[in-house]
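Take the sequence shown: its position 38, counting from 1, is numbered 38 in full-length UniProt numbering, and each next residue is one higher.
If you are wondering where the hints come from, they were derived from the structure by calculation, not from laboratory data.
Accuracy of the hints is not assured; some may be wrong.
Said to hold, decoys possible - Under the rule of at most 25 angstroms between Cα atoms (straight-line distance), these lysine-lysine pairs were calculated in the BS3-like manner:
no., residue 1, residue 2
1, K95, K120
2, K120, K134
3, K95, K134
4, K134, K113
5, K95, K113
6, K90, K120
7, K90, K113
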Amino acid sequence: MVGRKKKPKACDNGSHEDRISQLPDDLISHILTHLSTCDVLRTSLLSKRWISLWERVPDLDLDSRSFSSFDALPKVMFSSVPPCLISSLKFAELKSPILGYEGEIELVRYFLKNSRVLEKLNLRFENHNRKKEKYVILQELLAIPRCSSTCEVVFL
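When you get a sec, could you build the whole thing from the sequences and use the hints?
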């Protein structure tokens, strides 16, 4: 076996130690800021400790194509998001292929009414064919009272 290098072996001392969970919450929260919102939400399934860590992530980028039922999403999120919204959410972007699902409107309403430090809410809808319907929905969204007086709603 001349000229062949040995493959480095993975460190396996027989224990399957969870090293990432030993990191401080602030560091884990910082790591979570580099993941997609879906992946961040999935981390809450890892252990009891991880259930609330995602709430510290200051930016949420919601893409309705990532969820099986967008109309069900707010019910799931409303049960655990308030600490995140009230304390640290500064930017949110909602992406949706369909304009005007009740779940989408309800989620936007919830963000605007409960996010104290929200600076910008981007609404990105892919189907802009119905201008009249888009205008009516935009008027409805802009009439929602905002918890953050500095929040800018951008309709893309």
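Structure-based check of all given hints:
no. : hint        : result
1   : K95 x K120  : holds (14 angstroms)
2   : K120 x K134 : holds (20 angstroms)
3   : K95 x K134  : holds (15 angstroms)
4   : K134 x K113 : holds (21 angstroms)
5   : K95 x K113  : holds (19 angstroms)
6   : K90 x K120  : holds (7 angstroms)
7   : K90 x K113  : holds (14 angstroms)
The structure fails none of the hints (numbered hints given earlier).
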